[in-house]
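Based on the sequences and whatever the hints tell you, model everything.
Given next are the chains, with one letter for each unit.
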Amino acid sequence: MFDRKKALKPEEGAESAMGKTEDKPATVPVAGREGKTIIGEQITIEGDIRGHENLVIEGAMKGKIALEKHQVTVGSKGRVEGEIHADNVTISGQLVGNIMASGKVKITKEADFSGEIKAKSISVEDGAYLKAVIELEKETKKQPVPAIGKAREETKPPIPPSVAAGKAS
Amino acid sequence: MDDPAGIEPSGYISKILPLFLERLDQQRGIRFLDLGPILGANIAFFSRRVPRLFVCDLFSRLNRAREQNRPPEDAWRTLDYPQAHFDGILMWDLLDHLDTDQARALAAVIQGWTRPRGLVMLLSRDLHSPQGPFVAFAVQEDFQLEPRAISFPHLPVHRRQNREILDLMPAFSSLKSFIYRNGIREHLFRLEAEGI
Chain A
1 MFDRKKALKP
11 EEGAESAMGK
21 TEDKPATVPV
31 AGREGKTIIG
41 EQITIEGDIR
51 GHENLVIEGA
61 MKGKIALEKH
71 QVTVGSKGRV
81 EGEIHADNVT
91 ISGQLVGNIM
101 ASGKVKITKE
111 ADFSGEIKAK
121 SISVEDGAYL
131 KAVIELEKET
141 KKQPVPAIGK
151 AREETKPPIP
161 PSVAAGKAS
Chain B
1 MDDPAGIEPS
11 GYISKILPLF
21 LERLDQQRGI
31 RFLDLGPILG
41 ANIAFFSRRV
51 PRLFVCDLFS
61 RLNRAREQNR
71 PPEDAWRTLD
81 YPQAHFDGIL
91 MWDLLDHLDT
101 DQARALAAVI
111 QGWTRPRGLV
121 MLLSRDLHSP
131 QGPFVAFAVQ
141 EDFQLEPRAI
151 SFPHLPVHRR
161 QNREILDLMP
171 AFSSLKSFIY
181 RNGIREHLFR
191 LEAEGI
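Those protein sequence lines, which keep their order, are chains A and B. As numbered in the working numbering, residues 1 to 169 make up the first sequence, in order. As numbered in the working numbering, residues 1 to 196 make up the second sequence, in order.
Keep in mind that the hints were calculated from the coordinates and are not lab data. Built from N, CA and C at the ideal position, the CB exists for glycine as well. Any given hint might turn out to be false.
Below, a sample of chain A positions facing chain B; criterion: calculated Cβ distance under 7 Å [said to hold, decoys possible]:
#, residue
1, 68
2, 124
3, 125
4, 128
5, 131
6, 132
7, 133
8, 134
9, 136
10, 137
This is how it looks when you write it as structure tokens:
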């Protein structure tokens with residue numbers, strides 16, 4: 001249905017049991033040596049995508065993308081409307097929808113994003129166009145016995161009291 | 001983005017921002033809205049301090065509206081934030097780029113988005129500040145605000161006296177303000193319960 005290009009070059013492909021590189025590109029990803037699918041600029045997709053390799057979108061896509069353990073990239077020409085569930089997500093194009101990432105979300109300055117982001121970490125380049133809600137996974141301290149009646153501690157950087165004081169008018 | 005060296009106003013350590021966050025920190029599950037230009041440093045700073053960070057660059061929306069000869073109100077008219085939704089809103093110096101009627105209109109919208117007893121932080125420039133290029137501030141870990149020159153060529157500049165700023169926020173009480181040597185004044189407002 002769409003232009004599916006394997007990024008695996010022969011030298012990057014899965015090796016046979018004999019330890020030799022096979023002539024044709026691998027179609028089954030091997031741990032640590034995964035391929036990627038590219039949805040080209042002239043391609044439009046409506047529907048959901050699930051799978052087990054990385055995805056780059058340079059075309060138009062409407063639907064849910066579920067590649068929980070993989071990388072999803074919306075390239076600078078990409079236009080996506082829908083949800084992205086992935087490990088790491090990079091947005092350089094347009095996305096209207098939500099991102100759920102178990103790893104990192106990267107928004108570049110070319111991005112035009114509107115939606116919610118839930119991730120472990122995020123980096124945003126200055127000048128990106130965003131209307132977003134951002135929720136980062138909190139690193140909780142492991143405490144074997146929670147104190148009864150005591151508010152749960154969250155790991156927030158402390159606010160130095162010295163800077164909170166000041167000459168006010 | 002330019003190098004901060006030589007950009008006016010110069011960087012400074014904010015007194016009001018830590019107070020703002022300290023007060024918000026006393027509540028649970030806060031919703032915080034940053035209306036400033038999108039700067040990676042600010043998103044990194046606030047996203048680690050508040051559970052739900054809302055970001056919406058009203059400056060670029062205003063700049064875009066003016067560039068397309070649309071009224072400035074278009075910049076916020078389409079924003080669909082619910083009423084009384086936010087515990088804290090960081091406006092930066094938005095009012096400095098609106099005339100009095102527009103500033104009053106935006107202040108009313110901000111009032112609607114703010115929960116009763118919610119906080120709003122605002123910056124304004126001293127009346128005699130130089131009319132240089134637009135400058136945003138990137139928040140550093142020690143609450144140092146470092147200037148970043150951003151190109152918003154269509155944003156006008158309206159300097160106001162302190163009392164004029166207060167007049168624009170009638171439903172809010174001024175908790176604290178602080179003026180710095182670089183001409184920046186920071187304000188912390190709280191929406192009074194009867195303001196809604």
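Hint-by-hint comparison with the structure:
The interface hint given for residue 68 of chain A is violated, since its Cβ lies 22 Å from the closest Cβ of chain B, which is over the 7 Å cut-off. The closest approach between the C-beta of residue 124 of chain A and any C-beta of chain B is roughly 4 Å, which is under the 7 Å cut-off, so the hint is satisfied. Satisfaction of the interface hint for residue 125 of chain A is found here, the shortest Cβ-Cβ separation to chain B being roughly 6 Å, below the 7 Å cut-off. Because the smallest distance between the Cβ of residue 128 of chain A and any Cβ of chain B comes to about 5 Å, under 7 Å, the interface hint for this residue holds.
Checking residue 131 of chain A against chain B by beta carbon gives a least distance of about 5 Å; that is within 7 Å, so the hint holds. The beta carbon of residue 132 of chain A comes within 5 Å of a beta carbon in chain B, closer than 7 Å, and the hint placing it at the interface holds. At its closest, the beta carbon of residue 133 of chain A sits 5 Å from a beta carbon of chain B; the interface hint therefore holds under the 7 Å criterion. A cut of 7 Å between beta carbons decides the hint on residue 134 of chain A: the least distance to chain B is about 4 Å, and the hint holds.
With a cut of 7 Å, the hint placing residue 136 of chain A at the interface with chain B holds, because the nearest CB-to-CB distance is about 5 Å. Restraint check, residue 137 of chain A versus chain B: the minimum CB separation of about 11 Å is more than 7 Å; hint violated.
The earlier numbered hints that this structure contradicts are 1 and 10.
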